[in-house]
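Number of protein chains: 2
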Amino acid sequence: MLKQPIRIGLVQHSCSTDRAANLTASMDGIRQAAAAGAQLVLLQELHVSLYFCQTEDTQCFDLAEPIPGPTSQQLAALAQQLKIVIVASLFEKRATGLYHNTAVVFETDGSLAGMYRKMHIPDDPAYYEKFYFTPGDLGFHPIATSVGKLGVLVCWDQWFPEAARLMTLAGADLLLYPTAIGWDDADSAAEKHRQCDAWITVQRGHAIANGIPVLACNRTGFEANPVTPNQGIHFWGNSFVCGPQGEMLAQATQAKSEVLLCDIDMQRVEQVRRIWPYLRDRRIDAYPDLLLRYRDGKKT
Amino acid sequence: MLKQPIRIGLVQHSCSTDRAANLTASMDGIRQAAAAGAQLVLLQELHVSLYFCQTEDTQCFDLAEPIPGPTSQQLAALAQQLKIVIVASLFEKRATGLYHNTAVVFETDGSLAGMYRKMHIPDDPAYYEKFYFTPGDLGFHPIATSVGKLGVLVCWDQWFPEAARLMTLAGADLLLYPTAIGWDDADSAAEKHRQCDAWITVQRGHAIANGIPVLACNRTGFEANPVTPNQGIHFWGNSFVCGPQGEMLAQATQAKSEVLLCDIDMQRVEQVRRIWPYLRDRRIDAYPDLLLRYRDGKKT
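Listed in order, the protein sequences are those of chains A and B.
Quick note on numbering: the first sequence equals residues 103 to 402 in the numbering used here.
Quick note on numbering: the second sequence equals residues 103 to 402 in the numbering used here.
For the record, the hints were derived by calculation from the structure and aren't laboratory data.
Heads up, some of the hints might be wrong.
Identical copies look the same in the list; a pair holds intra-copy or inter-copy alike.
As the list claims (entries may be wrong) - Distance condition first, Cα-Cα at most 16 angstroms in a straight line; then the derived EDC-like pairs of lysine to aspartate or glutamate:
no.	residue 1	residue 2
1	Lys232	Asp383
2	Lys232	Glu158
3	Lys232	Glu167
4	Lys251	Asp398
5	Lys195	Asp239
Please build the complete structure, drawing on both the sequences and the hints.
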């Protein structure tokens, strides 16, 4: 049985080229959350560096590090010191020429509870991730911790209902998404609004469809494109926590670094799944085509 | 190539024990939508009767009819007369002792373009559908019409991302949900708000995750429980149309019968799927466990 309620913290901050300062921002946020009673802290995607995927530059592979490695060891020590669970996001060097976008989970004793390698890799202008990250090969498996089974996913995964469902079917208690997403200045205000609202909505949809709380931690601040520095990404913050009916429990602002705290009542999951028992009614006999790229030539 | 934009109409109305009056309400709404230029009209779930599933009563099987049958023939004739596509919802008698909750699609010439038998069947207090409806056996296949390939699903299906995904993978241009859902008076105002908001949000989530417009037509009005008539369901209306980013395009009120009109720009789908190409990045190699009821005993 999980402790009730779970107090969680999300650390949303801006980043710079100063790697030490970025890690300090993350760690200061973790300490602040722990001081406020958080048992679990979620960091944003690739929180120790700029979002370097705006261009394809082989120099950026210097940012990667092994796991365990310098950054993971500092975070592990902090988890042990504060006796909390930390979910962090690292640019993993697995081997020379083999890199992943990897989330790591540290237990309250500083041990590595588990890791998740980002399975769905985006690639569109200013998000050239297919150049940097090999698609994950660990599958969709929750990571067991003292605060529950954590369905850790990363950013682009948040648009895929399949990932949320697979984590739920494997017994995840929470879904957690370290994220780095923002606006292109070239887009209209209306398009920007639609994008951020869609990002929140699709994740609330996962919460509803699976009867599971969702935590999303996004970065904030403007990061210039190294090639065309008058362009760049305005990361839209808006880190949030919603409950198992998709109800918004806590939400950060757009433009500010902040530590978002929230208490999650896990009894709500029990109640909600009793009235909305989707897992009972899934038509698994009729789902085989979910394993196809596209249902070409099928009867319509 | 589809006509641009598609003007669609949703007919949301209350029902009574007067079957002829219910059908008249549906048909008047269709005529009103067609007069306003609608090329496609979506009706609510089981629109020619009360929502009879509040109790389990064998007498209610008298409400079922074969397809083709009296109601479908009237709707087919109206489609031909108005030269529009109609998506209706019928209690289908397939054989003695074999009934379905079935959506039917009539082409502009009055022919039956296709039908869909509700695949996911709910059963919870006041929604005893497993007693009445055999789960559908036609699978998830869009129905080809002159206004596009229609991904017709029914009510409880709207909570299942799998159904929306399978329709999209089979080339659906739109998702359409005839619906009958409402509030239990015993629930708090906060719970009622969460439920209706979740209903809208999960469907907007399907739109976003698949880059596809979604139409949901729900009934309105209070229907007393035949056994305990001081209780019943307040159907929450709120029929709506959203675009491929989940952006709300049109929304009906909660308590009023109305015809909701909306123009859908299908070029938006092309644009949205170019910037958010989820179909490109699905990890079908890692999805086999979606075919399991639960991932018991799997590695976590």
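Go through the copies and call it for lysine 195 and aspartate 239: within, between, both or neither, with a Cα cutoff of 16 angstroms.
Answer is within; shortest intra-copy Cα gap is 14 angstroms, inter-copy 49 angstroms.
Intra- versus inter-subunit Cα pairing at 16 angstroms for lysine 232 with glutamate 158:
Classified as within: same-chain Cα gap 10 angstroms, cross-chain 55 angstroms, threshold 16 angstroms.
I want to check one pair: lysine 232 and glutamate 167. Are their C-alpha atoms no more than 16 angstroms apart within a copy, between two copies, both, or neither?
Classified as neither: same-chain Cα gap 18 angstroms, cross-chain 55 angstroms, threshold 16 angstroms.
Reference check for the pair lysine 232 and aspartate 383, CA-CA at most 16 angstroms: within, between, both, or neither?
Answer is between; shortest inter-copy Cα gap is 10 angstroms, intra-copy 37 angstroms.
Is the C-alpha distance from lysine 251 to aspartate 398 at most 16 angstroms within one copy, between copies, in both cases, or in neither?
between (38 angstroms within a copy, 14 angstroms between copies)
Checked against the numbered hints given earlier, this structure breaks only hint 3.
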